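Trainee: The listed protein sequences correspond, in order, to chains A and B. Going by this note's numbering, the first sequence opens with residue 1, and the numbers climb by one from there. Going by this note's numbering, the second sequence opens with residue 394, and the numbers climb by one from there.
One or more hints might be untrue.
[Stated by the list, open to error] As a list, the in silico DSS-like pairs of lysine-lysine whose alpha-carbon atoms are at most 30 Å apart:
#1 Lys279(A) - Lys714(B)
#2 Lys714(B) - Lys673(B)
#3 Lys414(B) - Lys792(B)
#4 Lys279(A) - Lys724(B)
#5 Lys714(B) - Lys724(B)
#6 Lys656(B) - Lys714(B)
#7 Lys600(B) - Lys625(B)
#8 Lys279(A) - Lys792(B)
#9 Lys724(B) - Lys656(B)
[As the list claims (entries may be wrong)] Interface residues of chain A toward chain B, partial, derived using beta-carbon atoms under 7 Å:
#10 Thr255
#11 Asn267
#12 Ala270
#13 Ile273
Note that these hints are calculated values from the structure, not bench results. Note that this is a predicted model, so its numbers are computed, not measured. Note that the Cβ used here is the ideal one computed from N, Cα and C, for glycine as well.
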Amino acid sequence: MSILDDRLSSAHALSQRQATKPRSGSPIRRAIQDFLLSDYFVLYLTLFFFITAAIFFPSLRNPGNIANQLQNMWPLLAVAIGQTFVLILGGIDLSVGATMGITSVVGAIVMAQTLDPSFFDRSPLWGTLMRPEGGVLAGSEWAVPVGVVVMLVTGTLIGFLNGYAITRFNLAPFMVTLVTSTFFAAFALWLTQSRNISGLPEAFLNLGKGDILSIYLGPKLTSDIARRDILSFITYPFVISVGLAFISQFLLSRTVFGRQMFSIGTNRRASEISGVPGKSVITRVYMFSGFCAAVASIMYSGRIGFGQPSLGGGNLLLDVIGAAVIGGTSLFGGKGSVRGTFFGVAFFVLLSNILNAMQLSPFVIDAVKGVIILLAALIDITRTRLINREQRV
Amino acid sequence: MTSLLELHNLTKAFFGIAAVKDVSLSINAGETLGLIGQNGAGKSTLVNIVGGVVHSDSGHMTLSEQPYTPRIPADAQHAGVAFIHQELNLFTNLTIAENIFISNFPRMGVLRTIDRAKIKALTGELLASVGLDIPSDTYVERISPGERQLVEIAKALYQDASLIIFDEPTTSLTARETERLFAIMGQLRAQGKAIVYISHILGDVQKLSDQIAVMRDGELVACEPASALTIKRMISLMVGRSIEQLYPKRTTSPTTDPLLTAKNISASGIVEDISFTLHKGEVLGLFGLMGSGRTELARMIFGADQFESGEIVVEGELVRKPSPRSSIHNKIAFVTENRREEGLLMSIDIANNISLVSLPEFARSMLQVIDQRQMFDSARETANTLQLKSGDIRQQPVKSLSGGNQQKVVIAKWLLSRPSIFIMDEPTRGIDVGAKYEIYTIIDRLAAEGSGVLIISSELEELIGMCDRILVMSRGEIYGEFTREQFQDERILRAAFREQDLPMMSVHDGQAKRD
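Chain A extracted, bound-state conformation:
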């Protein structure tokens, strides 16, 4: 047994030597490495871009613009958090956009207060769930709570469908979610015959843009303040998204579910041999992603004021995945954080804002965004390599 004692004392000696931590490279190089490896790297980058751009484009400095940009962040943050979870697992959810579209439509069908026959009489639901007097619960005091719950359940169910197909049949996540995406996008268009459903109750619109705390920066002693001079600061979407972010971060870092997600994303076989219920965790993560997409859909629908079948179309998916990846989430699984995604979303929203302020055409804006995501992916690889070099391969 004295061998063990021997080894113990040498281990002890080794741990005492830890105080000195030799690192490779010159001081400048090391500073650059530390900067690249910092958790706040993206935040610094975002602030740097924005402040630089604000010098040249005064419109960016306008308080109204800043308040508006904050409001742009919240729905995107919600859906990006769901995507972050899926990416940590080593999967991908391409169906978030379509999920937002279909939940927006389903919610509107429950809540709409009037429906224009000339728009909707060719809808398959006309005469049953959709009538000239409005949707299923038109005018009822339960319309909004039920509508919201129906939207959340719809999103979660689509997530379940994704998760079930992926785990039960061992299908590739991108394949499954691409199929559900195509299917539900088409389904939403079919239900509405490609029309937006307007006439949503006021209480619902509040979830998309209602203020809780606002700021007025104009001259004092004015009796009537124009709406555009009131700067929204804390809004319902702010509360919803930040709440969701805190809950998600907690799930990720403090619960069994969170640790098991990371372990599956890192090595599924080893995890399952260690008793991690792989299929169940994977299914739950896709359900969570669907849920987050529904939350985003509620905020967007409330903000624009109608149920829109094409809500999550266009480049939203690029923004969502881009934000997560820029925030340090790895496309290979096992790595990512809600905080990083928050920074990534801020980066994307401000980037759009800067590009808009530069009055570039939408085509150029999308092209630039694409390049930025590519750069982010390159930085991610560089970061990973630096970390590996620090820790040995």
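Given the structure of chain A, go ahead and fit chain B onto it with the hints provided.
Mentor: Chain B in isolation, oriented as in the chain A frame:
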């Protein structure tokens, strides 16, 4: 003789722990240098510096009297340093020829297309020179680990390497493949190549090497001619003191209370009609050659793989559908043979690896919130019990640990779930003498506390040293059973090779007739 490679005062630290400390060494052309040391002694780090995989913090190297500073592995390759890794680095989805020429395909014509004919001819020559008689267009996934090793050597020959580093090359080879490898190493040496040979099998090192370098805790403690070193002295240099025995004395005897019973387990083509019982306090060995079905059997018992018929009974209760989860619930632990693929989350910190199996135990409330402090304390306590050498277990990722310490993390992970049945597949593979002794001590302690331990090993000596009983598997069947007083390596080996008249064993003829 001129020095081919010289190392001057190399130092490298990870997480503040020095892995290589001030090492100076030289290797001559046409010479074999044996490099030995316990796990974590710094052997792998040292050769990784030479191979351009990691960079030293200080010190320098010369190759053929030129300064040598490989930044990436490709630099080392161009300079003529080839690396035959423990885990082979071939593309299994490509052919042998494609693997050999992957970084430098011969081209032809205006279009610079790949010259298939030339590749075929060249590969044929290269394969012949390593004694491999397989068509060059065979996919690597279809050849055995030993043959893959030879392909790696052929690749090194093609790249005209002057220095070839072998890191534990024999761990997954059969005895015959090992012999062939050694013969080829002899030829390479005769051709003037310098060879660095790292192994835990000290007898091989002594047989093959001209010089033997011994490392301990990152330092080079000795570099002497092989003829001047005995195995006993090598061990005492590695450990830092002399050790009298390789195996701890077993402290208790097994009981007769059955813990786990396998009844007629069959899966066609893999295992056939396997029955055995593991008792409380027993260390049961499962010996067999590669491909005898021993690993597959272990996986079926644990529920990682399915079987077709048969029953598993744990403490008197029939297990309906074995799965890793049901096995963990039944207090069974499974240390897999390949810790990288199935044992560890390599990029994740030590603490989270250790707590993975027992995560639900640290959960509080409906939300399954983890009691972090309790989790870290338990992980640290278990790591300390096993004398894990590491930095901060909450920060340091498992991949930065040495092989032996990684294995300890795997064992710690299962220890934390307090199992009563341990299935260990090659628990000491690629592990040095000192760490092996520690693991044997743990095994003895587990048995003394009433657990049952099933050890699968291809090292017969270790089974004889540790087990109360040994089962021999051959071609998917249990072909022999030996109790402690019957232990005799020759008899057991003959059973494994089916070259024995079997006095007391249950012989199943079905399979034998087929061959």
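Trainee: So, for every hint listed, does it hold in this structure?
Mentor: Hints, verified against the model:
Distance restraint check for lysine 279(A) and lysine 714(B): the Cα-Cα separation of roughly 17 Å lies within the 30 Å cut-off, and the hinted pair is therefore satisfied. For the hint pairing lysine 714(B) with lysine 673(B), the CA-to-CA distance comes to about 23 Å; that is within 30 Å, so the pair holds. With a C-alpha separation of about 20 Å, the suggested pair lysine 414(B) and lysine 792(B) falls inside the 30 Å cut-off, and the hint holds. With a C-alpha separation of about 22 Å, the suggested pair lysine 279(A) and lysine 724(B) falls inside the 30 Å cut-off, and the hint holds.
Of the supplied pair hints, the one linking lysine 714(B) and lysine 724(B) holds, its CA atoms being roughly 15 Å apart against a limit of 30 Å. A hinted pair counts as satisfied when its Cα atoms are at most 30 Å apart, and lysine 656(B) with lysine 714(B) qualifies at roughly 14 Å. Using a Cα cut-off of 30 Å, the hinted pair lysine 600(B) and lysine 625(B) holds, with the two alpha carbons roughly 14 Å apart. As the CA atoms of lysine 279(A) and lysine 792(B) are separated by approximately 26 Å, the hinted pair is consistent with the 30 Å bound.
Distance restraint check for lysine 724(B) and lysine 656(B): the Cα-Cα separation of roughly 19 Å lies within the 30 Å cut-off, and the hinted pair is therefore satisfied. Taken as an interface hint, threonine 255(A) checks out: its beta carbon lies about 5 Å from the nearest beta carbon of chain B, inside 7 Å. The closest approach between the C-beta of asparagine 267(A) and any C-beta of chain B is roughly 5 Å, which is under the 7 Å cut-off, so the hint is satisfied. For alanine 270(A), the interface hint holds, the least distance from its beta-carbon to any beta-carbon of chain B being 5 Å, beneath 7 Å.
Restraint check, isoleucine 273(A) versus chain B: the minimum CB separation of about 5 Å is within 7 Å; hint holds.
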